[in-house]
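These protein sequence lines are chains L and G, in that order.
No gaps in the numbering here: position 212 of the first sequence is 367 in the working numbering, and each next residue is one more.
No gaps in the numbering here: position 194 of the second sequence is 767 in the working numbering, and each next residue is one more.
Please note that the accuracy of each hint is not assured.
[Said to hold, decoys possible] According to the in silico footprint, chain G covers these stretches of chain L (three or more CB under 8 Å from chain G):
| # | segment |
| --- | --- |
| 1 | 218 to 225 |
| 2 | 510 to 517 |
[To be verified] From chain L, some residues computed to sit far from chain G (all C-beta separations above 10 Å):
| # | residue |
| --- | --- |
| 3 | ASP366 |
| 4 | VAL404 |
| 5 | GLY476 |
| 6 | PHE502 |
Please keep in mind that the hints were generated in silico from the structure rather than gathered at the bench.
All C-beta atoms, glycine included, are put in the ideal place defined by N, C-alpha and C.
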Amino acid sequence: MTVLSDRQQLSYIASQAADARLNVELETEGMTLNIGPQHPATHGTLRIICRLDGEQVVWAEPSCGYMHRGYEKLTEVRTFPQVTTLVNRIDWLGSFANEVPFILAAEKLMEIEAPPRAQVIRTILFELSRIANVSLFLGDLGVQMGAITPVFLAFRDREYVLNLIEGATGGRFHPNFDRIGGLKDDLPAGWIAETKQVMVKLREFCDIIEDLLFGNEIFQSRMRGIGIIPADVAKDYGLSGANLRASGVDYDLRRDQDIAMAWDKADWKVWTHPDGDSFARCWIRLQETRESCKIVEQLLDQVPAGPIMTKVPRIIKVPEGEAWVSTENPLGEMGYYVVSKGDLGPFRVKIRSASFNNISIVPWALTGVYVPDIITILASLYFILGDIDR
Amino acid sequence: MARLSDSTDTTAEDALALPGDGLREGIIDDLRRRIGDAVIDTHIAPNDDLWVRVSTESWRDTAVALKAAGFTFFSFLSGLDWMPSPYGKGEEDPTAEPQEPDTEIRQGVTGGETRFQVFARLVDLDRHVGVTVKADVPDDRPVVDSWSSVFAGANWHERECHEMFGIGFNGHPDLRNMYLPTDFEGYPLRKDFPLLARMIKPWPGIVDVEPMPAQDTAGEGSASDEPAGGES
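Please model the complete structure; the sequences and the hints are all you need to start from.
Okay, here's the thing in structure tokens:
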């Protein structure tokens, strides 16, 4: 048996391949690949129809609507305080954060503002729901690529945060805690000290995930340079949150708008990444979890004394007008355009959810990629089905 | 404050650098320069927000002009049905006298002439300012021009708006339904589309009409004047 050098082996393979091309007319035709609606990578029931040429995607189209609940219509037959129950369920991993922009919009129309104590507690709970949301993302990221360990760590550590949210609000997933003019309850005794301990654990979790996933060669090779979204395309599609910042756009609604919340009381940083690839999007989220821990830790030390509710009438009628409020939610910019006619309930609520825009780029982003990259790009764009369909 | 309509371009740049409402007025003047009389009405909520209503014909031109003016971030696009719901809100006190239903169409800030309007929001990420653009949709033929060739993200929003309000978009590549079955009839977010679940069983509403179980027996002796459903 002769031993071939590398060069000989390569030329042999090349000649064989050339023969194959000459002698056999390979008939290739497009193939349609259905991903979902029940696929672990879809976080719910998103179906993606891809047309393939070989292993390359030539056309892709997400099919939504498996979880359409018609919240925009339902808000029109609810009173203002009842709407928070609905919007809780839009992005179900960071529920409290969904309530805040709606309540702020109603408060804007009523020209009232929550007392400082309520604003700080709101901000803390907002950031806790971001941590709960994104820590699950970081764990789930590994599963998409066949790494099982991170998800167990994520579920374990997210539980600490959910316990805190439950301790303060009474609800693990759907707190329904925000009220027009303030909050339902004050913080329970001992909550602040416990939260500080949990934040230490969450920082450790971030370090572990960084070692386990972001330092992993397989992870890097499947993420780096894959699914690049340039900044102008991202803005065109209205991508927001970490997806936008991963394309190098320095924009964060927590910092860049004047809003009745307490983010300006803490010292933190908005991370951006110049690459715009899948890795950048995931890395930004990891850093943002750390920043959230930082914000929570700082705000815990400066919760002001005072009431948690301002004076509001028992039956809330919101004056006629229109208001738009959006905040930087775990998934991106979440906003409510509230139209009131002076009734007990809103006349029309347009819910601008982050995932709807974030996932509308999928036909663009998947065109030309290879099949295994579909999963990682979808995972890195990060969406919640309830947030797409509403 | 210096107005821009009678000034040169250099002062216009100065005005655009102003913070807050000065910046917003500068944006309006800039938009007027770009699309002229197509700007029908504007509204500034002090230190808060900016609305612009443009004519139906210049709906797409407005997007082009605003994009050129720096509003490169597409936030959302949707529709508004200003007709009050003929079915009421389903939250009225069933024991009270029925009220005369409100049938007057009032178009909100920046006004309007038609029942339907389209509205969209664009943001300038560098100056951190957003604008809500509105346009009337003709009653007899509810169609406006599509933004999808200006902002790629408008594609899905227009599909959703078409499905929910029955507003057509000229030049949209593909107005398929997003959520509902293809053969679904009606436009759910129109005010005259009934919410069937609410029609079948009225919402209990804000007033507890049924007494709490404890109150049935509390009639004798100490009459509690706590409202039903109050804190125990």
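For each hint, the structure was consulted:
As drawn, the segment 218 to 225 of chain L meets chain G at 4 residues by the rule of a beta-carbon pair under 8 Å; at three or more, the given contact holds. Check on the segment 510 to 517 of chain L: 4 of its residues sit with their Cβ under 8 Å from a Cβ of chain G, so the three-residue criterion for coverage holds. Every Cβ of chain G is farther than 10 Å from the Cβ of ASP366 of chain L; the closest lies at roughly 34 Å, confirming the non-interface assignment. Non-interface call for VAL404 of chain L relative to chain G: violated, since the shortest CB-CB distance, roughly 6 Å, does not exceed 10 Å.
Taking the minimum C-beta to C-beta distance to chain G, about 7 Å, the non-interface status of GLY476 of chain L is violated against the 10 Å cut. With a cut of 10 Å on Cβ distances, PHE502 of chain L falls inside the contact zone with chain G, its closest approach being about 8 Å.
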